[in-house]
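**Q** Using full-length UniProt numbering, you'd call the opening residue of the sequence shown number 1 and step up by one each time.
If you're looking for bench data, these hints aren't it; they were derived computationally from the structure. Only true hints are included.
Cut-off 16 Å, straight-line C-alpha distance, at most; resulting in silico cross-link-like pairs (EDC-like, lysine to aspartate or glutamate):
{"no.": "1", "residue 1": "Lys120", "residue 2": "Asp60"}
{"no.": "2", "residue 1": "Lys134", "residue 2": "Asp72"}
{"no.": "3", "residue 1": "Lys120", "residue 2": "Glu102"}
{"no.": "4", "residue 1": "Lys119", "residue 2": "Asp100"}
{"no.": "5", "residue 1": "Lys119", "residue 2": "Glu102"}
{"no.": "6", "residue 1": "Lys120", "residue 2": "Asp100"}
{"no.": "7", "residue 1": "Lys119", "residue 2": "Asp60"}
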Amino acid sequence: MSVSTYMQADYKVNLQAEAFKLLIVFLTEEEDPVISQVNRRIQLITGLSDETVEFLQVADYSIGGFFEPHLDYFLGFDSEPLEPDETGNRVATFMTYMSDVEAGGASVFPHLGSIIAPKKGTAMFWYNLLQSGKGDHLFPVGGSMSENKSS
1 MSVSTYMQAD YKVNLQAEAF KLLIVFLTEE EDPVISQVNR RIQLITGLSD
51 ETVEFLQVAD YSIGGFFEPH LDYFLGFDSE PLEPDETGNR VATFMTYMSD
101 VEAGGASVFP HLGSIIAPKK GTAMFWYNLL QSGKGDHLFP VGGSMSENKS
151 S
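Taking the hints into account, I'd like the entire structure generated from these sequences.
**A** Written out as structure tokens, the structure reads:
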């Protein structure tokens with residue numbers, strides 16, 4: 001089993017998981033004004049409001065790291081999407097590659113039969129919820145094993 005580190009704001013939690021070797025960091029606008037600029041650009045690209053956006057999440061997969069296919073919205077205890085609260089569920093995901101990966105590291109959408117190879121500076125956007133607010137069960141995403149990276 002590998003150790004994964006999960007960081008948010010001012011605390012760090014170690015997770016044990018066989019499925020991934022990764023470091024996740026959440027960045028806030030208060031930490032760096034660049035984050036505010038990034039959030040505004042994402043808002044312009046997607047047309048979605050940034051009023052209820054989550055902290056910017058940066059994930060760094062170690063060599064050999066991967067992520068099992070998963071749904072990008074939050075499930076309640078009954079395996080249905082959580083009821084919208086003040087901020088709601090994770091409506092959509094905007095993802096960009098920050099580095100090139102020479103082998104592996106693709107984003108895999110199994111139900112669509114799509115594999116998106118990583119290329120520094122490219123971005124993907126998808127909705128996680130249907131218009132009804134229910135989760136789109138046909139849209140899981142996973143990350144293929146990262147074999148090596150280049151800057």
